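Please put together the full structure from these sequences, using the hints given.
2 protein chains.
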Amino acid sequence: MVSPELSQFQTSPMAKHSSRSKAASFLSDGFLFVGGATVALLVVWALWSFINPSLSSNPSFSTTVGDPKTIISSESEDCAQGSDDRSDPTFYDDPKLSYSIGQTIKNWDEKRREWLNHHPSFAAGAGDRILVVTGSQPSPCKNPIGDHLLLRFFKNKVDYCRIHGYDIFYNNVLLHPKMHSYWAKLPVVRAAMVAHPEAEWIWWVDSDAAFTDMDFKLPLERYRDHNLVIHGWAHLIYEKKSWTGLNAGVFLIRNCQWSLDFMEVWASMGPQTPNYDKWGQTLRSTFKDKIFPESDDQTGLAYLILKGKGKWADKIYLEGEYYFEGYWSEIVGTLDNITDKYVGIEKGERRLRRRHAEKVSERYSALREPYLKEAGSGSGSWRRPFITHFTGCQPCSGDHNQMYAGESCWDGMQRALNFADNQVLRNYGFVHTDLLDSSSVSPLPFDFPA
Amino acid sequence: MVSPELSQFQTSPMAKHSSRSKAASFLSDGFLFVGGATVALLVVWALWSFINPSLSSNPSFSTTVGDPKTIISSESEDCAQGSDDRSDPTFYDDPKLSYSIGQTIKNWDEKRREWLNHHPSFAAGAGDRILVVTGSQPSPCKNPIGDHLLLRFFKNKVDYCRIHGYDIFYNNVLLHPKMHSYWAKLPVVRAAMVAHPEAEWIWWVDSDAAFTDMDFKLPLERYRDHNLVIHGWAHLIYEKKSWTGLNAGVFLIRNCQWSLDFMEVWASMGPQTPNYDKWGQTLRSTFKDKIFPESDDQTGLAYLILKGKGKWADKIYLEGEYYFEGYWSEIVGTLDNITDKYVGIEKGERRLRRRHAEKVSERYSALREPYLKEAGSGSGSWRRPFITHFTGCQPCSGDHNQMYAGESCWDGMQRALNFADNQVLRNYGFVHTDLLDSSSVSPLPFDFPA
Numbered sequence: 025m026v027s028p029e030l031s032q033f034q035t036s037p038m039a040k041h042s043s044r045s046k047a048a049s050f051l052s053d054g055f056l057f058v059g060g061a062t063v064a065l066l067v068v069w070a071l072w073s074f075i076n077p078s079l080s081s082n083p084s085f086s087t088t089v090g091d092p093k094t095i096i097s098s099e100s101e102d103c104a105q106g107s108d109d110r111s112d113p114t115f116y117d118d119p120k121l122s123y124s125i126g127q128t129i130k131n132w133d134e135k136r137r138e139w140l141n142h143h144p145s146f147a148a149g150a151g152d153r154i155l156v157v158t159g160s161q162p163s164p165c166k167n168p169i170g171d172h173l174l175l176r177f178f179k180n181k182v183d184y185c186r187i188h189g190y191d192i193f194y195n196n197v198l199l200h201p202k203m204h205s206y207w208a209k210l211p212v213v214r215a216a217m218v219a220h221p222e223a224e225w226i227w228w229v230d231s232d233a234a235f236t237d238m239d240f241k242l243p244l245e246r247y248r249d250h251n252l253v254i255h256g257w258a259h260l261i262y263e264k265k266s267w268t269g270l271n272a273g274v275f276l277i278r279n280c281q282w283s284l285d286f287m288e289v290w291a292s293m294g295p296q297t298p299n300y301d302k303w304g305q306t307l308r309s310t311f312k313d314k315i316f317p318e319s320d321d322q323t324g325l326a327y328l329i330l331k332g333k334g335k336w337a338d339k340i341y342l343e344g345e346y347y348f349e350g351y352w353s354e355i356v357g358t359l360d361n362i363t364d365k366y367v368g369i370e371k372g373e374r375r376l377r378r379r380h381a382e383k384v385s386e387r388y389s390a391l392r393e394p395y396l397k398e399a400g401s402g403s404g405s406w407r408r409p410f411i412t413h414f415t416g417c418q419p420c421s422g423d424h425n426q427m428y429a430g431e432s433c434w435d436g437m438q439r440a441l442n443f444a445d446n447q448v449l450r451n452y453g454f455v456h457t458d459l460l461d462s463s464s465v466s467p468l469p470f471d472f473p474a
Numbered sequence: 025m026v027s028p029e030l031s032q033f034q035t036s037p038m039a040k041h042s043s044r045s046k047a048a049s050f051l052s053d054g055f056l057f058v059g060g061a062t063v064a065l066l067v068v069w070a071l072w073s074f075i076n077p078s079l080s081s082n083p084s085f086s087t088t089v090g091d092p093k094t095i096i097s098s099e100s101e102d103c104a105q106g107s108d109d110r111s112d113p114t115f116y117d118d119p120k121l122s123y124s125i126g127q128t129i130k131n132w133d134e135k136r137r138e139w140l141n142h143h144p145s146f147a148a149g150a151g152d153r154i155l156v157v158t159g160s161q162p163s164p165c166k167n168p169i170g171d172h173l174l175l176r177f178f179k180n181k182v183d184y185c186r187i188h189g190y191d192i193f194y195n196n197v198l199l200h201p202k203m204h205s206y207w208a209k210l211p212v213v214r215a216a217m218v219a220h221p222e223a224e225w226i227w228w229v230d231s232d233a234a235f236t237d238m239d240f241k242l243p244l245e246r247y248r249d250h251n252l253v254i255h256g257w258a259h260l261i262y263e264k265k266s267w268t269g270l271n272a273g274v275f276l277i278r279n280c281q282w283s284l285d286f287m288e289v290w291a292s293m294g295p296q297t298p299n300y301d302k303w304g305q306t307l308r309s310t311f312k313d314k315i316f317p318e319s320d321d322q323t324g325l326a327y328l329i330l331k332g333k334g335k336w337a338d339k340i341y342l343e344g345e346y347y348f349e350g351y352w353s354e355i356v357g358t359l360d361n362i363t364d365k366y367v368g369i370e371k372g373e374r375r376l377r378r379r380h381a382e383k384v385s386e387r388y389s390a391l392r393e394p395y396l397k398e399a400g401s402g403s404g405s406w407r408r409p410f411i412t413h414f415t416g417c418q419p420c421s422g423d424h425n426q427m428y429a430g431e432s433c434w435d436g437m438q439r440a441l442n443f444a445d446n447q448v449l450r451n452y453g454f455v456h457t458d459l460l461d462s463s464s465v466s467p468l469p470f471d472f473p474a
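Chains as they are written, first to last, in this note's numbering: chain P, 25 to 474; chain E, 25 to 474.
In case anyone wonders, no lab produced these hints; they're calculated from the structure. Do not take every clue at face value.
Intra- or inter-copy, both count: the list cannot distinguish identical chains.
Stated by the list, open to error - No more than 30 Å apart at the CA atoms, straight line, and that leaves these computed lysine-lysine pairs for DSSO-like:
| # | residue 1 | residue 2 |
| --- | --- | --- |
| 1 | 397 | 331 |
| 2 | 331 | 371 |
| 3 | 335 | 264 |
| 4 | 264 | 339 |
| 5 | 130 | 365 |
| 6 | 371 | 397 |
| 7 | 371 | 135 |
| 8 | 130 | 331 |
| 9 | 302 | 397 |
| 10 | 120 | 365 |
| 11 | 371 | 120 |
| 12 | 397 | 166 |
| 13 | 202 | 335 |
| 14 | 339 | 371 |
| 15 | 333 | 264 |
| 16 | 135 | 120 |
Every value quoted in this text rests on a predicted model; they were computed, and no experiment measured them.
Structure follows, in C-alpha cells:
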C-alpha cells in the first residue's frame, strides 16, 4: 500500500497492471504535427496571429466547449496596443473569488475572456496555450534514490517544455491539508487555473511519468469538443467496470467553468469530505477489481464517467490511440528496437540527421513524420511512446508493487529517462551509448547516423 | 574536501567565507526594471519588434562587445516572413564544428549572425535573450536529503525562468569525462552556446544557488561593454590576491567568439590537461589564501583577471553592487526583516497588493520599485537578495564546511527556498506562514496584507 504521507502526489493508489488489450491504431497525419510547422510555437504563433488576427477567431482555437460562451471571443481581433489592466478591474479584484478547491467560482468563462480582453498580448494564441503542472511531496523521499529519480523526471519535463515553449509549474506543498496522496493534484490544478487565465489547458503529469517522445505534440484539434482528456478505454469502464479502465496520473483539462464544476464533483469523493468512507464503499462495490477500501481519484473519475453520462462523460475524451501515458512495463523493452528503427530512417535521409539549433526542433520533427506512417502508435508500435508512466513503481516511497522486482522499476526508469535524454542531448552534441549508463555520454559524430 | 565523484557540478571547492566588506550601494532606477515594462517579455518583445523593427538595430540590444562585428546586425530588420533554414547551410553543416570544449571554433560571431539572419523570428530580441544553465551529478547524492534539496533548488530556478520567460537547461551528465566537479560546467556552457545560437547570454547558476528575489532582473544594459559577469571585488583580487575575490558559481557569459576563446584558456587549467598539477602550484603560489593544492575554476578565473589585464580582464565585469550571488550565511538571518519591510510597503499601497495573473508579475514588480529606493542592495540592505548561494554547504555530498553546524546549512536552505516560494505561491493564492515549515501553507486572504 501507499502511505499517504510518503506519496502525497503520486497518482497510483496501487499498481495498475491489468493487461490492456488495445488494438494498435494508426494516427492520421492531420493532427500529429502541424505540417510545415513553425518553430518556438508561442512566439511565432503570437506573431502570426498578430499580423493575421482573423485566426484568433477561428472557432477551432477559440470556442469553449460545454459552455455557450466562447472563452476567446472575436474581440481578440482588437489585439493591438489595446487596454492595459492597471485600472480595469478583473476577477482578481473580487474578494469572494478563491484559488482554493471547495470554493465555487461562477461565470469563469466570462471572467477569463474579460481578462484576456484586458491583456491582448495573451489573447493571441490563447486557445492552444498549455501549462504543464506536476509536483511531489514537501519532504524527502523514503526511497534513498527517490528524490534523485524525481529530479531526473522533472528535468525530463522541463526539457520537453523548453523544446515546445510550454510553461511548467512544479508544486511541492499540500494546498489542502487533507487532500493528500493522489488527491493532492486537484487543489493544485484549481489554483493553476486561477493563476493562469492565459492558459486554455492545464496538463497534469505525475512526477513518475517521463516524456519519451520529445517531438510529439498533443493533437489538440482532436479534443476541440472536449474539456478533459485522459488515457482510457471505454469498454473497460462501461463493460468490464474496471477501475483500471483509465489512468488519472496524466490528464489534460480545459481552463473553463465546466472543469471547475467537474473538479468540485470529483473532489467531493476525497478525504477532506464527510462522505469519504461512503465513497470508498460505493466505488468498491461498483468497480469489483478495486481491491483497497479508500476512495481514490482514479476510481472516482471512472465512476463519474460511468454514471455521469451526458453531464460529464460527454465532455471527457478517453484517449487510447497513442501513449497519452503508457504503462512502462509494456514499453521499456521496446526502446532499443525503436532506437534502431529511427536510426534506420535517418540513415536513409540526410536532412533528417542534419544538426540544428534546439529551438527549431519542431521543424525537424515534422520532416520525420512521413517516415513514421507505418510505425503505428501505442501498444505494439515502433513509434516512440509519448509518455511512459511508472505506474506501480512508487519511486519516492520505494513501495513498488510486489509483482515487479524493484530492479525492473529502477532499470526501466533509467532506460526511459536516458532514451528521452538522448533526444535532448543530441542537440547539444552528445549521446548516451548505453541506456543503462546514466553517467557516460560520447560526442555524437557529425552526420550521425550516416 | 569535496570528492569530485560526489559533487561533479558544485562550484565551490571549499567554503568561501571571507567577510566581504562591500559598501552597500544604491541601484538607480534606470536599469533595475524597465519602467512600464511589458509582460511575458519574449512574446511581447517579439510582437513589438515585429511592428517596430527599427528597435532591433538599436545598438544597446544589438552590438556584441569585444568583437568588431555585430551579432545582431541591422539585417534583422528584414524580420518578416523571410528565409527558412531548410536549404540554407549554416554552421551546423560544417563537419569540423564541434560542441566539445577543446575544439576551437572560429568566426563564431559571424556564424551566429548568419544563423539569426536565416531565422528572423529569433533575431528580434536576440540581444537580450538569456538561457539559464544548471546541473548536478548523474548519480544520487551521498547526503540522504541531497537530491531533495537539488529538486527544490531546481524548482526554484524553473519558477524564476517561468516568471521571466527564460529557457532553462538542466544537465546531469559529464560532457567531458575528465572535467569533473567544479570544472564540469565549462563543457556544458560551451555545448549550450552552440545549441542555442538564438541566445545572447548563457547564465550558469550552480545547483546550490536559489533565486530569492523572483522579481529582480539582470541589469543587462550595464553589461553592454562586457562579455562575462561574475560576483566579485577588484581589490580582493588585485590587492589582497584572494581566491575568494570572486565566486565562479554563478556567471553570465555572452554567446560570442571572445567567450569561446576565454573558456578555452580557462579550461586549459583543468584536470583534463597535462598542466593540471602545474596550474595547481601556480594558482596556490599566486593566491596565498588558497589552501588546497588542486587547480580549481574559481582561482583560475581570478588568475586570468589578475594576469590577463587588457586581453581578458577588460571584458569581465565584477559585479558587487547587488547580490548577483550572495553568501547565504550573511543573508538568511535577514529574510524575516525583509519580509516585514515588504509587507509594510504593501500595507500602505493598495495597488501593490492587488492579486494578478502570474504572467503579469513583471508589471507589478515595476510598480513596487520606487518604494525600494531606500532599501539599498547587497550586504546590509533590506532589498530581497537576488541569488542566495549556499557556498560551503555542499547539499549533495553533505560534506559541508566544518565551520558551520550542518543544521545551519539545511535550515538556511529551507528558509531561503520557502522565502522564494512565498513570492511564487502568492500568485497561486497561498503562503508559507513559517519559513522553516516547508510542508504547510495557508490560503492568502484577499487584499493581504491590508
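Okay, the hints, checked on the actual structure:
no.	hint	in the structure
1	397 to 331	neither (38 Å within a copy, 60 Å between copies)
2	331 to 371	neither (52 Å within a copy, 50 Å between copies)
3	335 to 264	within (22 Å within a copy, 75 Å between copies)
4	264 to 339	within (21 Å within a copy, 70 Å between copies)
5	130 to 365	neither (51 Å within a copy, 36 Å between copies)
6	371 to 397	within (17 Å within a copy, 61 Å between copies)
7	371 to 135	between (52 Å within a copy, 27 Å between copies)
8	130 to 331	within (24 Å within a copy, 67 Å between copies)
9	302 to 397	neither (49 Å within a copy, 58 Å between copies)
10	120 to 365	between (56 Å within a copy, 28 Å between copies)
11	371 to 120	between (61 Å within a copy, 20 Å between copies)
12	397 to 166	neither (44 Å within a copy, 46 Å between copies)
13	202 to 335	within (28 Å within a copy, 61 Å between copies)
14	339 to 371	neither (44 Å within a copy, 44 Å between copies)
15	333 to 264	within (17 Å within a copy, 77 Å between copies)
16	135 to 120	within (13 Å within a copy, 56 Å between copies)
Checked against the numbered hints listed earlier, the structure breaks hints 1, 2, 5, 9, 12 and 14; every other hint is satisfied.
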